[in-house]
Amino acid sequence: MKNFINLLKKDIKEIITLQLIVPLLVVMVFYSFMGNIMQTEIKKYAEPQKILVVDYDKSNTSKQFIDNLKASTIPEIYKENSLNPIQYAESKDINVIVEIPKGFGADLNNFKQPSLKIYSVMKSISIASLSAKARLESVVKIINETTSNMYIKSFTNVDPNIIKNPILVKEFTVIKGAISPIAPEAVQNLLTSQITLIPIILAFVIIFASQMIANLIASEKENKTLETLMTAPIKRPLIILSKMLASSIMALVISFFYLIGMSNYLRGVSMGEIGNAQTSKILESIGLSFTPIQYFYLGVLLFLTILASLALSSILATFAEDTKTAQMYLTPLMILVMLPYFLTFFTNVDNLSLPIKIFVYAIPFSYPFIASQKLLFGNTSIFLIGVVYLLIFSLVSISIATWIISSDRIFTVRVKRKSFNLFKR
Amino acid sequence: MKHAIVTENLSKKFGEIKAVDSISFEVYEGEIFGLIGPNGAGKTTTLRIFSTILRKDSGNVFIYDYKLGEDDESIRKIISYLPEEAGAYKNLTGLAYLEFMAGFYADTKEDLQRILKTGIELSDLGTRLKDKISTYSKGMTRKILLARALMHKPKLAILDEPTSGLDVINSIEIRNTIKQFASSGVTVLISSHNMLEIEYLSDRVALIDKGHILDIGSPAELKERYNGRNLEEVFMEAVK
Numbered sequence: 004m005k006n007f008i009n010l011l012k013k014d015i016k017e018i019i020t021l022q023l024i025v026p027l028l029v030v031m032v033f034y035s036f037m038g039n040i041m042q043t044e045i046k047k048y049a050e051p052q053k054i055l056v057v058d059y060d061k062s063n064t065s066k067q068f069i070d071n072l073k074a075s076t077i078p079e080i081y082k083e084n085s086l087n088p089i090q091y092a093e094s095k096d097i098n099v100i101v102e103i104p105k106g107f108g109a110d111l112n113n114f115k116q117p118s119l120k121i122y123s124v125m126k127s128i129s130i131a132s133l134s135a136k137a138r139l140e141s142v143v144k145i146i147n148e149t150t151s152n153m154y155i156k157s158f159t160n161v162d163p164n165i166i167k168n169p170i171l172v173k174e175f176t177v178i179k180g181a182i183s184p185i186a187p188e189a190v191q192n193l194l195t196s197q198i199t200l201i202p203i204i205l206a207f208v209i210i211f212a213s214q215m216i217a218n219l220i221a222s223e224k225e226n227k228t229l230e231t232l233m234t235a236p237i238k239r240p241l242i243i244l245s246k247m248l249a250s251s252i253m254a255l256v257i258s259f260f261y262l263i264g265m266s267n268y269l270r271g272v273s274m275g276e277i278g279n280a281q282t283s284k285i286l287e288s289i290g291l292s293f294t295p296i297q298y299f300y301l302g303v304l305l306f307l308t309i310l311a312s313l314a315l316s317s318i319l320a321t322f323a324e325d326t327k328t329a330q331m332y333l334t335p336l337m338i339l340v341m342l343p344y345f346l347t348f349f350t351n352v353d354n355l356s357l358p359i360k361i362f363v364y365a366i367p368f369s370y371p372f373i374a375s376q377k378l379l380f381g382n383t384s385i386f387l388i389g390v391v392y393l394l395i396f397s398l399v400s401i402s403i404a405t406w407i408i409s410s411d412r413i414f415t416v417r418v419k420r421k422s423f424n425l426f427k428r
Numbered sequence: 033m034k035h036a037i038v039t040e041n042l043s044k045k046f047g048e049i050k051a052v053d054s055i056s057f058e059v060y061e062g063e064i065f066g067l068i069g070p071n072g073a074g075k076t077t078t079l080r081i082f083s084t085i086l087r088k089d090s091g092n093v094f095i096y097d098y099k100l101g102e103d104d105e106s107i108r109k110i111i112s113y114l115p116e117e118a119g120a121y122k123n124l125t126g127l128a129y130l131e132f133m134a135g136f137y138a139d140t141k142e143d144l145q146r147i148l149k150t151g152i153e154l155s156d157l158g159t160r161l162k163d164k165i166s167t168y169s170k171g172m173t174r175k176i177l178l179a180r181a182l183m184h185k186p187k188l189a190i191l192d193e194p195t196s197g198l199d200v201i202n203s204i205e206i207r208n209t210i211k212q213f214a215s216s217g218v219t220v221l222i223s224s225h226n227m228l229e230i231e232y233l234s235d236r237v238a239l240i241d242k243g244h245i246l247d248i249g250s251p252a253e254l255k256e257r258y259n260g261r262n263l264e265e266v267f268m269e270a271v272k
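These protein sequences, in sequence, are chains G and C. Here my numbering runs 3 ahead of the position in the first sequence, where the first position is 1. Here my numbering runs 32 ahead of the position in the second sequence, where the first position is 1.
If you're looking for bench data, these hints aren't it; they were derived computationally from the structure. Check before you lean on any hint, since a few could be wrong.
Stated by the list, open to error - Negatives, chain G to chain C, calculated, CB over 12 Å: (1) Leu28; (2) Thr64; (3) Pro88; (4) Ile146; (5) Val256; (6) Arg270; (7) Ile285; (8) Leu291; (9) Gln297; (10) Tyr332; (11) Val352.
Said to hold, decoys possible - Here's a subset of chain G near chain C, in silico, CB distances under 10 Å, partners left out: (12) Ile8; (13) Lys12; (14) Ile19; (15) Glu223; (16) Thr228; (17) Pro236; (18) Ile237.
C-beta: ideal position from N, C-alpha, C; glycine also.
Given these sequences and hints, build the entire structure.
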């Protein structure tokens, strides 16, 4: 135990370098900074935008229309001057111009469907360039709706809503056998906003842990320290096991810091919807929030997945002569982590064709990603299958990794890849 | 005289090539035993087998009372190995490195301090021990590695080309450290292709070439036997 702690402390010191701390801080600050910028920008464009109104009609109806626009925009009436309306809008940094044609009011009152011209001054493809137009359109839509209701009412006493929607749709979502009066799209949106961070955490921890252990093992070979360590009075499997523990501890610590930055960013982008307490309460009321036992299941799966990835990375790293090669050898592993991450993000794994489904379930990293969704809907079998599979996978991989380090293969494997002359006698 | 190492018909192959071919020799307790031969003679492979890094294909090796291949963990407690191209953890300071390695051999805090004190003295790096190893010159790195190898006073120190690539001053300092340390009763098995260095350091020498032991004796005996003025001339005669 004394030797193991000695090794563990050294391995953690090896991981904590300036090269690790600086990018970590930069990423944390960057994400928080980006989140703040996004939040400020989104807030800015959520506020009423200026629009230029060119009123050629000057009727009571057009004036009423302009008054209605004030509900969600800041209309400025164009007055004849040396600049035409477009030039004037550009000079005032107004992006939307609405032209009310002559006879607009009269045509509207006589069911002649007058046209309203909207010009958008496009300067970029940002949200801002389209937000003013979207707001204008929503006002026009409301006016259209109100006018249409007014027309219907002038012909009949029936509620215009019934004429437009003769069938009333009431939506319910059945979750774990319980009926909730919420549309499935709304549930999905709420759920996405709450569990977005979980797969990100999973991917981060697995990737960080794999990279760290590969670097630790490969740098022992690269810096020629492994031979000395192998002749020290310590059980050789402990050399690998201390690196596994050091990597997983540091991966969790680093992921935690990344997550602080990432959650600040996502909160900024989602305007506070992600991780929102109110959203959590709604989900809880319809039985779609993680219970402590489900968090425990996820934790166990994540632990076993990290174990599997560490063992697999250790095996790959023993073949590498330096840290660069080790990182290269990890590329297929990273793809295998990202694959279930994206698949569970965009589709239901169970809807995939059988060969692809088998492939996805054969990837040890798939289980926490799939379980993070299935557990919510009361499917605990994924946990049991995952635990059994990951335990077998991890034990076999750790056995192979410790067997390699306990034998002389960690030194001789290089000989087989290159020519014998490169091996010193 | 008690044996520190007994080697009987030791062989090791890499693929089809025999790196060590049925070699036998003994090293006595407290002596400095030199293995000399050109590059690729099989010196490092032999030392790596004794250090429990490589596994032998056949033959028997006894290190003190332990049989190699059966009592490797016990062997690792009494030996120390300094590889030719050894490195140290660059993110650690010299002192932290010595402390880390001392931690494997110390049972108590007092043991740790005693081993560390010896290591600090042997390294002779003074205040530079507080600097990161990445800032050390090759000579300084070699000194700290030698201090690491000897500080816990192993029963058997296995040193592979301890002065390889060093300048004259650093080489002399390291040779003196080895000689001084061996006088305290530590058995030293040293390899080098620098035959003059081995002649200066060793009590007995084995000439090795192409995986075979050509001859064994004290430098004086070998010089007389082959009528050479130094071990280089002896070796040239022996390989004829």
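(request) State the violated hints by number, sorted upward, taking the hints as numbered earlier in the document. (result) none
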